[in-house]
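Take a look at the letters that make up each chain.
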Amino acid sequence: MGLSTVTMIYAGMFYIATLLLVVGLVYKIFDYSRTPAPLKIPTTPAPVTQKGVVYRMAKEVVLFESLFKSNKWIWIFGWLFHMGLFLVLARHLRYFTEPVWFWVGIVQPFGKYASIMMVIGLAGLLARRFLVDRVRYISTPSDYLMLVLLIGIGLSGMMMTFVVHTDIVALKAFFLGLMYLDLQPVPQDPILLVHLAMVALLMAIFPISKLLHAPGVFFSPTRNQVDNPREHRHVAAWAARLDQKN
Amino acid sequence: MAAAEFDIPVIKDDIEVPKLQEGVMAHAKTFPAAKPVQDSMGYPHELGEDWKERALDKMGDLLGKYRSLKVFMDACVHCGACTDKCHYYLGTSDPKNMPVARQDLMRQVYRRYFTTAGKLFPKLVGAKDLTKEILDDWYSYYYQCSECRRCSVFCPYGIDTAEITMAGREILNHVGMGQKYSNEILSKVHRIGNNLGLPGPALADTLEGLEEDIEADTGVAVKMPLDMKGAEVLLVTPSADFFSEPHVESLIGYAKVFHAAGISWTLSTHASEAGNFGLFNGNYESMRKVAMRIRDAALELGVKRIVVGECGHAWRVAYSFWNTLTGIGYGGNDPFSIELQKQLDPAYPQPQHICELTNDLVKSGRIKVDPSLNDDLVVTYHDSCNVARASRMGTEPGGQFTIPRELIKSVVNNFHDMADETIGESTFCCGGGGGLLTDDLMEVRVKGALPRATALNNVIKEHQVNFMAMICAICKAQFTKVLPKYGFDMSMVGGVHQLVSKAIKLD
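First to last, the protein sequences are chains A and B. Quick note: to get the working numbering, add 643 to the position in the first sequence (first position is 1). With the working numbering, letter number 171 in the second sequence gets 160, and the count goes up by one each step, no holes.
These aren't lab readings, by the way, just hints derived from the structure by calculation. Keep in mind that the hints are not guaranteed to be accurate.
Computed cross-link-like contacts, EDC-like style, restricted to lysine to aspartate or glutamate with a CA-CA straight-line distance of at most 16 Å [said to hold, decoys possible]: (1) A:Lys888 <-> B:Asp323; (2) A:Lys694 <-> B:Glu385; (3) B:Lys47 <-> B:Glu159; (4) B:Lys8 <-> A:Asp776; (5) B:Lys293 <-> B:Asp216; (6) B:Lys218 <-> B:Asp323; (7) B:Lys108 <-> B:Glu122; (8) A:Lys715 <-> B:Glu410; (9) B:Lys331 <-> A:Glu874.
Computed beta-carbon distance windows for the label pairs [unchecked claim]: (10) B:Gln453 <-> A:Arg779: 22 to 28 Å; (11) A:Phe673 <-> B:Asn402: 57 to 63 Å; (12) A:Glu874 <-> B:Lys108: 41 to 47 Å; (13) B:Gly320 <-> A:Trp746: 39 to 45 Å.
Beta carbons: idealized from backbone N, C-alpha and C, even for Gly.
Pulled out of the complex, with its shape left as it was, chain B reads as follows (with noise of 0.2 Å):
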């Protein structure tokens, strides 16, 4: 089914604020899931004749689960703090859009079933009645956010409207409206184990391929160990760096790495997955049960240390929620985590980012590297969202900001970063971020991804950068597809391992 066409944005000299259009975005419907997935997660697949108190119940099952929740809710001043800084907005003009408003659609909710004021002087406060029509307004416009944290950046009470959108994809489930994109992720990693749904065979058949690949690109046989017990480390990495361009690239960067560092390593079918979609829709036990194949895993292999490839939101899983969801890492003193923990090096953190490794190694000098091997690259760097706003790298706040760049800087020799409102943690987000990198919402993902286009274009013009390197599956996905509506080179858009892949010396 082809989606309705729409008009790519014009790329200007700076990213503007427009003026609102009311619901010039209220089409955008992503494809419902089918009764079989949502019957497999144990969700409705229509609205029952109960859907109201059913949703409601659930809103306050979740207001007393979360703190998070409950604060937002209570907290918001309509200061407007926010409003200009969702990439969405900026790039679509549709009002419900602004971090502040996507949060009322359900603050209206809230303020009409569980607060006083809304209860008694509901249009003096802003409060609405849970109808249809504020349902579907939640499908459209919680399908709409990525969940990259920007506005809480920017909320004097630091807000994260991404807290919300999980909460209403996870109240959506629950009467029977679920995304079939995220939806069926979920079914295919809980029922293969990874979210292309790439078998055990098929995957260990593609590592071969790829060993051939670089032994006769480089002469030297390095090899991708797949279930090997006993390795030092294991990998987990998102399963598009498996197959996907220019994904595959950072993978043979991430096991040339280990050859040339001598780490014994492997990867693991069971764990064939860095990606946790559990995290975009809200539900703790599905993220959880994501989690926890990685901790099978290393149990089962007897691995010392954990490390994260090139992925962002799998990172944030994996920095701030695996050990709480699977006791990866320290300081746990109950019988789950210490069962895992005491396997663990305490010489390194756990789990580790691919880039904290790999700029280790290169600083030790454990690992040799060539920039001029990439001089034919200007590159730039794109903060992802996930990793910007919501991990760490290194034993610093901002880590996850200048290691990758100091990796980066080591294995080439042009190097510029965009403007500092478009970095760092004011980082744009790509556009196809928090599960919506699906065709059926290609007109969000293209408007969405103007700020960074924007920002990308200006240091193209000032510095001729032919790269943008980044860390995130999703992103180099979202950017190979949308860059080149706007004009850009697919070509341009790579992995930060892809560029040590290219520099690291093999001898």
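Excised from the complex, chain A in its bound form (with noise of 0.2 Å):
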């Protein structure tokens, strides 16, 4: 029996926390798509052609358009978070592949950096939840621990890369080993330990949660659709029953 209780333990916690994620979004997701939307309702102005949506729903997820629009204090602070959270898991790939990829090299110096981008953006955004009387009103507790746990993410992340280094070859075969079915051990760095049982909590909770809004996005039909009423008759199958009384 040569693994600890804590790498049995760890082991443990990440499998179940992907099987709540994947199964869970997997869920949302099939959900969302088989609820049907019967009338067209595309906030106008709005693209009347296919391709005209995706390139409106790229704008919202990679420049977050509306937001800008809206506030630019939101903007600015959940744009950084969110530019620098996909810079700084798009290094974390390095873990899980071996070779590791070529752009995922080339990402490594942006993804470092990247994370402070990350946490700043973050604590402006929990910054407002306290100082802005409209947002405090309707911030739950939830929307506080939130933020917290992924500045704790964060932070403790930030301690390995730049403070106090963890033993990443050992995380790397430990992850490897997880995704292989040869289970190795886990580093026992404490703040290693924490950061990891954070992301597990992260994932399990990610399905249930208003992460939602990450898979939620593609499905918003103000977004989503084509402005194209007169051209092309839109029916939903329930709908379409009525047709058939008349």
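Combine both chains into one complex, guided by the hints.
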């Protein structure tokens, strides 16, 4: 019996977290996709072609277009956080593939400093929840905690990158071991263990939280519908049955 | 019954975002519908023993039928981008008029009964049990939303509070809490054919009177045909156009346009209402039933084109939903659609807005206008919410902004837009839409009009604007009533075809 209790716990934790994340997301995405959108309700002005819709959705997801129109503060903090997160995640791919993919190699320095962007963005969003009366009013405990969790993940990660290096070779072996069902010991660095536990928690709660905005935005009828109701008859299956009664 | 006294807000130089004041508008309760009206719509008229089960049942039903509701319940991250965008928040300071908070009135119940987190850790995620107090809040605040969609422009995911308000009202109706104003109007449409309850003979009489007036005024025998089989165009217009001021000036404008262009047209007693309050209540079947009158009239009269007059929410329903609900449009390949499609003229969009029609005629020179006849006016244009954010005109996105303005500028020499952030897709609702145009909600209407009144005041100061044109019957009724309370003259409110009527050459 070579593996420590800690390794067994962390292996189990990640298998369960991954299962919850994947099954949860697949369920919600399936649910959204099979719920009909019976009426044409894109927020106009809206694109009149499918290509236009793809372009609109891309502008939303990459540049946060509507948020930019709405409030420059939320936009800057929100965008820094998300872009930072994206680069950080891209950098992390090095732990999950062997050999490391070429573009992941290029991302390395960007991902390192993007972590600063990410935490600054999160901190700004958290500050707003305290400082702006309208945002304070609508904030639930989970709203604060979600930001705290993400900041915790960011800061613990930054600790390991900039202050106290962890054994990333062993860490990679641990994750590859999980993926190939050949368990390897997890490094017992306390900062790492905290970081990993918080990540597993984030994965597990993803599909039962407001993080569903991530798949959800793609299903939002006000953004993903083509504005062509006069040219093309759009009718849901349940509504089409009403035509037969007439 | 006189409504409570309230203070008219003071217009400042700019639209200010107020600090929130909890509960200031909780007293606003629109008159409830009585038993006969609720009965006629198939709803209970009071809460029964099983009201909670009925409410949750209906919520589950709507969540399964409308992707918008389901996604919008889940996707909100409480970022607050929408909190300063609703004219009712800006005018009242009540935080439940912030779009996110209005949605949360339902979302907190959704989380409690329909989500894992809400079932297990309600306090953590702000999930609440459905109580009578919450139903009362729904009744108060879902009738302080005009379903104008302004919030959906600014939400990162496009969450449209209107969709939630519509679902909220449908649930409220389903448990017996209906609104007198909208439900009475809907029952009038179903019984008589239009929102005003104006029966066929009365309509015919009104139109004859208007024909006489036009001839006396212009010397030209402009007609207003009714139920004329074989006409090229069926005009469907809000019933307010038949006798409200300033609406009737636009009706006269449409008649003059058809006359000058030599287009044969007709109104219909069966389809004497463009408006469709079924939209406001979030009941698909009800909205469809109202819309079907237009299809039936078109088939009966054998028309080739269907044109809609100056009405905001009617244009939303006509442009965005008529094809879905009634097959008016193109691209359907089922028997129901084809029956009507084969009769319609493919050279024109169906339905077409009267502004699209008139603008085309002016641009092509088929009708002649003299803008100097409107030189006493300095005009601005109010984009009505449903036209701006839920429709299109012409072939390009944004035609609903450019086409009415092009038309106005062809009949008016002096035109100035209000501030960019108050027009176009960011336009401020008049404050009276979505089923709120009733005296029992006067405080909501007056306060909701503050942002638009502020923008108007600024162009009056800067450019001596003395006329605000619009293409919505509700906006016209709301502004003529509410702007005088702010000190503006009600005669500065009018329709786009009112301007056309003055400038058009009939000979």
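For each hint, the structure was consulted:
1. Under the criterion of a C-alpha separation no larger than 16 Å, the hint pairing A:Lys888 with B:Asp323 is consistent with the structure, at around 14 Å.
2. Between A:Lys694 and B:Glu385 the CA atoms are separated by roughly 14 Å; this keeps the pair inside 16 Å, and the hint holds.
3. A distance of roughly 8 Å separates the Cα atoms of B:Lys47 and B:Glu159; the hinted pair therefore holds under the 16 Å criterion.
4. Simply put, B:Lys8 and A:Asp776 have alpha-carbon atoms about 7 Å apart, close enough for the 16 Å limit, and the pair holds.
5. Of the pairs offered as hints, the one joining B:Lys293 and B:Asp216 holds, with about 14 Å between alpha carbons and a cut-off of 16 Å not exceeded.
6. Distance restraint check for B:Lys218 and B:Asp323: the Cα-Cα separation of roughly 26 Å exceeds the 16 Å cut-off, and the hinted pair is therefore not satisfied.
7. Of the pairs offered as hints, the one joining B:Lys108 and B:Glu122 is violated, with about 20 Å between alpha carbons and a cut-off of 16 Å exceeded.
8. Simply put, A:Lys715 and B:Glu410 have alpha-carbon atoms about 14 Å apart, close enough for the 16 Å limit, and the pair holds.
9. The suggested pairing of B:Lys331 with A:Glu874 holds, with an alpha-carbon distance near 14 Å, which does not exceed 16 Å.
10. The hinted window of 22 to 28 Å between B:Gln453 and A:Arg779 is violated, with their beta carbons roughly 43 Å apart.
11. Between A:Phe673 and B:Asn402 the beta carbon distance is about 59 Å. The supplied range of 57 to 63 Å therefore holds.
12. Roughly 44 Å separates the CB atoms of A:Glu874 and B:Lys108, a value that falls within the hinted 41 to 47 Å.
13. Restraint check, B:Gly320 to A:Trp746: a C-beta distance of roughly 43 Å satisfies the suggested window 39 to 45 Å.
Violated hints for the displayed structure, listed by number in ascending order: 6, 7, 10.
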